[in-house]
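Each protein sequence line maps, in turn, to chains A and B. Heads up: the first sequence runs through residues 17 to 477, numbered per my numbering. Heads up: the second sequence runs through residues 17 to 477, numbered per my numbering.
What the hints contain is simulated information worked out from the structure, not anything from laboratory work. Just so you know, not all the hints are guaranteed correct.
If several chains are the same, the list does not tell them apart, and a pair holds so long as it fits within one copy or across any two.
[Claimed, not checked] Derived pair list, reagent style PhoX-like, types lysine-lysine, alpha-carbon separation capped at 25 Å:
#, residue 1, residue 2
1, 183, 41
2, 41, 125
3, 362, 251
4, 153, 332
5, 187, 281
6, 114, 332
7, 221, 251
8, 125, 93
9, 332, 362
10, 362, 125
11, 93, 281
12, 221, 332
13, 125, 27
14, 53, 281
15, 114, 152
16, 281, 251
17, 41, 114
18, 221, 114
19, 93, 185
Every value quoted in this text rests on a predicted model; they were computed, and no experiment measured them.
Protein chains: 2
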Amino acid sequence: MLQDVLAYLDKQHDSAVNRMIDLLKIPSVSTDSSYTKDVRKAASWVNTHLQEAGLHSEIHETDRHPIVLATNADAPKDAPHILYYGHYDVQPPDPLEKWDSPPFEPTIKDNAVVARGSSDDKGQVCCILEALMAWKKVTGKIPVRVTVIIEGEEECGSGSLHSFVEKHKDKLNANVCVVSDTTMWNQDTVAITYGLRGLLYFDIKLHGPDRDLHSGMYGGILANPCNELTRILGKLFDDDHRVTIPGYYDNVQPVTAEEQQQWDKLDFDEMDDCLTPVGVTQPFGEAGYTTLQRRWARPACDINGLYGGYGGEGAKTVIPSFAGAKVSFRLAAGQCPERIAELFEKWLHSHDLHGCRWELTNFGGAVPVAVSQNSPYMTAASKAIEKSSGKEPVLIREGATIPVVGQFKEDLNLDSLLIGFGLIDDRIHSPNEKFNLDCFRLGYRTHAALIAEFANLQWWT
Amino acid sequence: MLQDVLAYLDKQHDSAVNRMIDLLKIPSVSTDSSYTKDVRKAASWVNTHLQEAGLHSEIHETDRHPIVLATNADAPKDAPHILYYGHYDVQPPDPLEKWDSPPFEPTIKDNAVVARGSSDDKGQVCCILEALMAWKKVTGKIPVRVTVIIEGEEECGSGSLHSFVEKHKDKLNANVCVVSDTTMWNQDTVAITYGLRGLLYFDIKLHGPDRDLHSGMYGGILANPCNELTRILGKLFDDDHRVTIPGYYDNVQPVTAEEQQQWDKLDFDEMDDCLTPVGVTQPFGEAGYTTLQRRWARPACDINGLYGGYGGEGAKTVIPSFAGAKVSFRLAAGQCPERIAELFEKWLHSHDLHGCRWELTNFGGAVPVAVSQNSPYMTAASKAIEKSSGKEPVLIREGATIPVVGQFKEDLNLDSLLIGFGLIDDRIHSPNEKFNLDCFRLGYRTHAALIAEFANLQWWT
Numbered sequence: 017m018l019q020d021v022l023a024y025l026d027k028q029h030d031s032a033v034n035r036m037i038d039l040l041k042i043p044s045v046s047t048d049s050s051y052t053k054d055v056r057k058a059a060s061w062v063n064t065h066l067q068e069a070g071l072h073s074e075i076h077e078t079d080r081h082p083i084v085l086a087t088n089a090d091a092p093k094d095a096p097h098i099l100y101y102g103h104y105d106v107q108p109p110d111p112l113e114k115w116d117s118p119p120f121e122p123t124i125k126d127n128a129v130v131a132r133g134s135s136d137d138k139g140q141v142c143c144i145l146e147a148l149m150a151w152k153k154v155t156g157k158i159p160v161r162v163t164v165i166i167e168g169e170e171e172c173g174s175g176s177l178h179s180f181v182e183k184h185k186d187k188l189n190a191n192v193c194v195v196s197d198t199t200m201w202n203q204d205t206v207a208i209t210y211g212l213r214g215l216l217y218f219d220i221k222l223h224g225p226d227r228d229l230h231s232g233m234y235g236g237i238l239a240n241p242c243n244e245l246t247r248i249l250g251k252l253f254d255d256d257h258r259v260t261i262p263g264y265y266d267n268v269q270p271v272t273a274e275e276q277q278q279w280d281k282l283d284f285d286e287m288d289d290c291l292t293p294v295g296v297t298q299p300f301g302e303a304g305y306t307t308l309q310r311r312w313a314r315p316a317c318d319i320n321g322l323y324g325g326y327g328g329e330g331a332k333t334v335i336p337s338f339a340g341a342k343v344s345f346r347l348a349a350g351q352c353p354e355r356i357a358e359l360f361e362k363w364l365h366s367h368d369l370h371g372c373r374w375e376l377t378n379f380g381g382a383v384p385v386a387v388s389q390n391s392p393y394m395t396a397a398s399k400a401i402e403k404s405s406g407k408e409p410v411l412i413r414e415g416a417t418i419p420v421v422g423q424f425k426e427d428l429n430l431d432s433l434l435i436g437f438g439l440i441d442d443r444i445h446s447p448n449e450k451f452n453l454d455c456f457r458l459g460y461r462t463h464a465a466l467i468a469e470f471a472n473l474q475w476w477t
Numbered sequence: 017m018l019q020d021v022l023a024y025l026d027k028q029h030d031s032a033v034n035r036m037i038d039l040l041k042i043p044s045v046s047t048d049s050s051y052t053k054d055v056r057k058a059a060s061w062v063n064t065h066l067q068e069a070g071l072h073s074e075i076h077e078t079d080r081h082p083i084v085l086a087t088n089a090d091a092p093k094d095a096p097h098i099l100y101y102g103h104y105d106v107q108p109p110d111p112l113e114k115w116d117s118p119p120f121e122p123t124i125k126d127n128a129v130v131a132r133g134s135s136d137d138k139g140q141v142c143c144i145l146e147a148l149m150a151w152k153k154v155t156g157k158i159p160v161r162v163t164v165i166i167e168g169e170e171e172c173g174s175g176s177l178h179s180f181v182e183k184h185k186d187k188l189n190a191n192v193c194v195v196s197d198t199t200m201w202n203q204d205t206v207a208i209t210y211g212l213r214g215l216l217y218f219d220i221k222l223h224g225p226d227r228d229l230h231s232g233m234y235g236g237i238l239a240n241p242c243n244e245l246t247r248i249l250g251k252l253f254d255d256d257h258r259v260t261i262p263g264y265y266d267n268v269q270p271v272t273a274e275e276q277q278q279w280d281k282l283d284f285d286e287m288d289d290c291l292t293p294v295g296v297t298q299p300f301g302e303a304g305y306t307t308l309q310r311r312w313a314r315p316a317c318d319i320n321g322l323y324g325g326y327g328g329e330g331a332k333t334v335i336p337s338f339a340g341a342k343v344s345f346r347l348a349a350g351q352c353p354e355r356i357a358e359l360f361e362k363w364l365h366s367h368d369l370h371g372c373r374w375e376l377t378n379f380g381g382a383v384p385v386a387v388s389q390n391s392p393y394m395t396a397a398s399k400a401i402e403k404s405s406g407k408e409p410v411l412i413r414e415g416a417t418i419p420v421v422g423q424f425k426e427d428l429n430l431d432s433l434l435i436g437f438g439l440i441d442d443r444i445h446s447p448n449e450k451f452n453l454d455c456f457r458l459g460y461r462t463h464a465a466l467i468a469e470f471a472n473l474q475w476w477t
């Protein structure tokens, strides 16, 4: 039966591309309220296509953007239950002037579709939709129990998802979650991602004088918040580029010898495969670790933004009344966001502020994720990928965070299979985001094959 | 004769206030090209009133805003030659919502006129104009040689002044320059400012990856420009809050024992007179110096702005391709802007940038100014102030920079007398800028008395 489904999918590739392009035309930017109607339009598009796959699909209202929830009521009751997760919202497209073609006018270039959201995550959502629709079309029904959640707030913090999951917990008692929002190892090799870093994000604002001051009259006689902020942030790292916050590394899990052996086989070149493509000329980071270890298994601390005083063209001689920074931590397996938040706040307060004061905003975080490599669904996924791509997948971790994965683990005690079809150079969150059409093809084929493997699985044994 | 002039000035105080109000109604904002016509209107107003004082006055075109230049051709050839300098342009009025009355609808409140430019510098320019007009009206002619330059670009960098001075050098061979753009020591005490700090202003921009990157995928494996910028700027000061740039303090002139004695008599309270009014709770700065020493005689280094990455509301997990800062130096007597620029650039390049690169923009600077306290015109000014105010002036320095003073010294080898009538709380460059009417009265009386003292002076001896 899988062969029939794959043959059907092959035949209707062009229509699948056109469907994806339809979805990409909708500017569903979730962070910007001027796009609210478009976000809703994208939800509606997804809902319609889930219904085409024979699912009972509904748009659920939330405090912000709707969540699409679909199930196949006609599935065999004793079949494995798969929860699919994806998001139909996209990042803002700016800076617009850096796009070679308009972000919401999808354009085929070099065998890829160029559009905001193509790789993250609409193209990958379409891979799931195409697989489900093909099974329905070719065989009349999807042979596993399926629940699909496609949300519209992933790019603005998934604020509505937790209460939605709590409310619909009874429908979400799946055996495994499948998330397609990651990348392939390379264009020939599908990856199953079994580890993700967590995240903790702060806005730290240092207040000084009660108004902006003239730097001639006040320069040198009072604590300038810009000076003090950089003085303190300048102490975040030691000479080995390790974070100096006491206790920061306490619970970081070391890489096992078995994992390291797998990674050594990956044939990863830090310059060619990672740094050179983004214009970086030398590796950098915590001393004593390789680039892959730093990215996957070591925590990072990044200042994501600096603000305060005058940042425009030319000169303005101001001592600003405040200065601030966005500071985030990518947490390695073993680290807990709440604990690191506590340590960071304590560290910030441990410095002499010379009369300035902190205003700290913790935007919360996400736990790091580590999924067992030896589960039956991991094995099933490997088989499916071998069938769809002709090649064994590699097992990798990822440096980024997919908060929903940790959340499903915490709220539903559900492990996730992360199988994505993006490429590392897809420019997600950047101008000229793209999604390769061969990856798209591999994506829907793999999801179709996954369904067959899951259906064969004696899940409950 | 001075008594007649002063009596006349007393009688026509209300008309003088009305004239000042007329000028304040013109929104001559020089930085914003939408005000270009108003800037010209203010130049024309000044030109007309200089003509009323019997001067030959003309509006001179420049590449940007006109300069008004006036001379009294009928002055005795062997009298001292005084160059007056002021500016008729003003700072932008925003934030408009913070003004209690509209910035260009002058309003009398608490014995002060509230309007943009009232203290900086239109009210002070009017003090000079009133004195000149009164001498002309009462005695038929001004008893000294007078040249007046009132420019329209002081608030946007005085870009046209240098070439104008070069072009008109032959007319500007004055004995001394009188600048009225500073403050009194307090409402009872006129100050002669004999020292100004210089200025050097840089934009330093650190470039990293060739695009903005996702901090999950790239966090911890490459040099983040925000991290690196704060690391380097964090080293600008040592634990004694001294600038660490090698050679920075080399040529700073120490405060003489005589000066220190004068300063000790000033009855200056660093908290009450300076820090508390701007919401600062503790003195801060270079160890081993008092607040007055730090402000007047020690160089300062301030970060006037920080930029790079995400500075908006909420969170964005970006590693930006660049980060930057505005860094300025207030130079103490003895320091040279070119030399400090060289040392700073060298210091910036001395740090390991881990593959990042600097883009440095030097916005140039202004030399610090120190005028002899023992010149005959300083003595004449002291006498005049005693006559007009009934009290000896104090001799002070100022932490701020008036670039034209250094420029006149360099271009014309001309020393300046800085006698201003602003008050420290006049909110110049801020909403609700004001100019006290008693200060206005004292201002025109003092300028009238100065003319008498200069006329009495055997300048050439």
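Hints, one by one, checked against the model:
Proximity of residue 183 to residue 41 under the C-alpha cut-off of 25 Å is found in neither arrangement, the shortest distances being 32 Å within a copy and 62 Å between copies. In the homo-oligomer, the alpha carbons of residue 41 and residue 125 lie at most 25 Å apart inside one protomer (16 Å), although the nearest pairing across protomers, at 59 Å, exceeds that limit. In this assembly of identical chains, residue 362 and residue 251 lie within 25 Å of each other by CA distance both inside one copy and across copies; the values are 14 Å within and 22 Å between. With identical chains, the CA atoms of residue 153 and residue 332 are never at most 25 Å apart, being 66 Å at best within one copy and 41 Å at best between copies.
With identical chains, the CA atoms of residue 187 and residue 281 are never at most 25 Å apart, being 41 Å at best within one copy and 82 Å at best between copies. Taking the closest pair of Cα atoms, residue 114 and residue 332 come within 25 Å of each other only across two copies (19 Å); inside a single copy the shortest separation is 29 Å, beyond that limit. Taking the closest pair of Cα atoms, residue 221 and residue 251 come within 25 Å of each other both inside a single copy (16 Å) and across two copies (20 Å). Within a single copy, residue 125 and residue 93 get their C-alpha atoms no closer than 45 Å, and across copies no closer than 81 Å, so neither meets the 25 Å cut-off.
Taking the closest pair of Cα atoms, residue 332 and residue 362 come within 25 Å of each other only across two copies (23 Å); inside a single copy the shortest separation is 34 Å, beyond that limit. Taking the shortest alpha-carbon separations for residue 362 and residue 125, neither the intra-copy value of 51 Å nor the inter-copy value of 46 Å comes in at or below 25 Å. Proximity of residue 93 to residue 281 under the C-alpha cut-off of 25 Å is found in neither arrangement, the shortest distances being 41 Å within a copy and 94 Å between copies. In this homomeric assembly, residue 221 and residue 332 come within 25 Å of each other (Cα to Cα) both inside a single copy, at 21 Å, and across copies, at 16 Å.
Proximity of residue 125 and residue 27 under a CA criterion of 25 Å is satisfied intra-copy only: 22 Å inside one chain copy versus 82 Å between copies. Within a single copy, residue 53 and residue 281 get their C-alpha atoms no closer than 48 Å, and across copies no closer than 70 Å, so neither meets the 25 Å cut-off. With identical chains, the CA atoms of residue 114 and residue 152 are never at most 25 Å apart, being 41 Å at best within one copy and 64 Å at best between copies. When the C-alpha separation of residue 281 and residue 251 is checked against a cutoff of 25 Å, the pair qualifies neither within a copy, at 37 Å, nor between copies, at 42 Å.
Taking the shortest Cα distances, residue 41 and residue 114 sit within 25 Å of each other inside one copy (18 Å), while across copies they are farther apart (44 Å). Proximity of residue 221 to residue 114 under the C-alpha cut-off of 25 Å is restricted to the inter-copy arrangement: shortest distance 20 Å between copies versus 31 Å within a copy. Proximity of residue 93 and residue 185 under a CA criterion of 25 Å is satisfied intra-copy only: 18 Å inside one chain copy versus 98 Å between copies.
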